[in-house]
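Put together the whole structure using the sequences plus the hints.
Taking our numbering, the leading residue of the sequence shown gets 734, the next gets one more, and so forth.
Check each hint, because a few of them may be wrong.
[What the hints assert, rightly or not] Computed beta-carbon distance windows for the label pairs:
#1 Pro-967 / Val-800: 38 to 44 Å
#2 Thr-958 / Ser-748: 42 to 48 Å
#3 Ile-754 / Lys-974: 53 to 59 Å
#4 Phe-817 / Met-909: 24 to 30 Å
#5 Thr-958 / Ile-754: 40 to 46 Å
#6 Ser-783 / Ile-906: 57 to 63 Å
#7 His-778 / Ala-799: 20 to 26 Å
By construction, these hints were calculated from the structure, which means they are not laboratory data.
Virtual Cβ for every residue (Gly too), placed ideally from N, Cα, C.
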Amino acid sequence: MPEHERKKKSRPLWSYVLPLISSLIFIVGLTPVILTFYFLHRYLHFFGFSTMWHFLLFPFIIYCGAVFLFLSELYITGGILRLFNVTYKPGTHEYSFMNKETVKWTLVCILYTPFRKFLEIFPLGRIKQTYLRLLGMTIGKNSLVGGVIKDPCLTEFGDNITMGEYAIIYGHIHNMQYETIFMDKIKVGNNCVIGAGAIIMPGAILEDDVIIAAGALVTKGQVLTKGKTYGGIPAKEIIKKPIE
734 MPEHERKKKS RPLWSYVLPL ISSLIFIVGL TPVILTFYFL HRYLHFFGFS
784 TMWHFLLFPF IIYCGAVFLF LSELYITGGI LRLFNVTYKP GTHEYSFMNK
834 ETVKWTLVCI LYTPFRKFLE IFPLGRIKQT YLRLLGMTIG KNSLVGGVIK
884 DPCLTEFGDN ITMGEYAIIY GHIHNMQYET IFMDKIKVGN NCVIGAGAII
934 MPGAILEDDV IIAAGALVTK GQVLTKGKTY GGIPAKEIIK KPIE
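Written out as structure tokens, the structure reads:
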């Protein structure tokens, strides 16, 4: 029997509880909003709509409540992961709940992924970077994270980095044939530009002053040399022709 056809291990019972964690976090984050609405109703009689001002302010109150809920969810999930130092290490790990690194990766996905989707929609700038730092990402000074960071704890940004919209940085690769998950760090030096829609795979290293063209694919473990421009699939150096 081939190695990849080995018998699957039974899933531990506690693993079925993991998907409920995100729901529990949502409920906890909703509590401050509910208490605020209770205060407005109990002491200010706001939701009685006794005056025209109540009708006019109602959309504003709902909007503020939604923003407050979103921010509380971000800092609760980020705070939990930071407090308990939930990060995973580079390497090839068994894709199983019996593997410690895989369990930590799964927990991060459960807490991070729902709110990452919101961060892709709403450009929160500094708040997004603060959240990514809570999740273990290193971000240097004067840097813009405009795309998607799949694995913050495996991603390092230097100073003066510009990451365009729809660019994606992966820190992991699944291999369901062999039931493994490969994880590796991505290091981006100083003064780099990552074009919109570019994809960077695990283990990639961008040295200082590297420019990646829009839509380029930086492959697993690829090293981009200092001061050069890369584009295409896979990413190759773009050599400028001399002007005659």
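Which of the listed hints are broken here? Result: no hint breaks.
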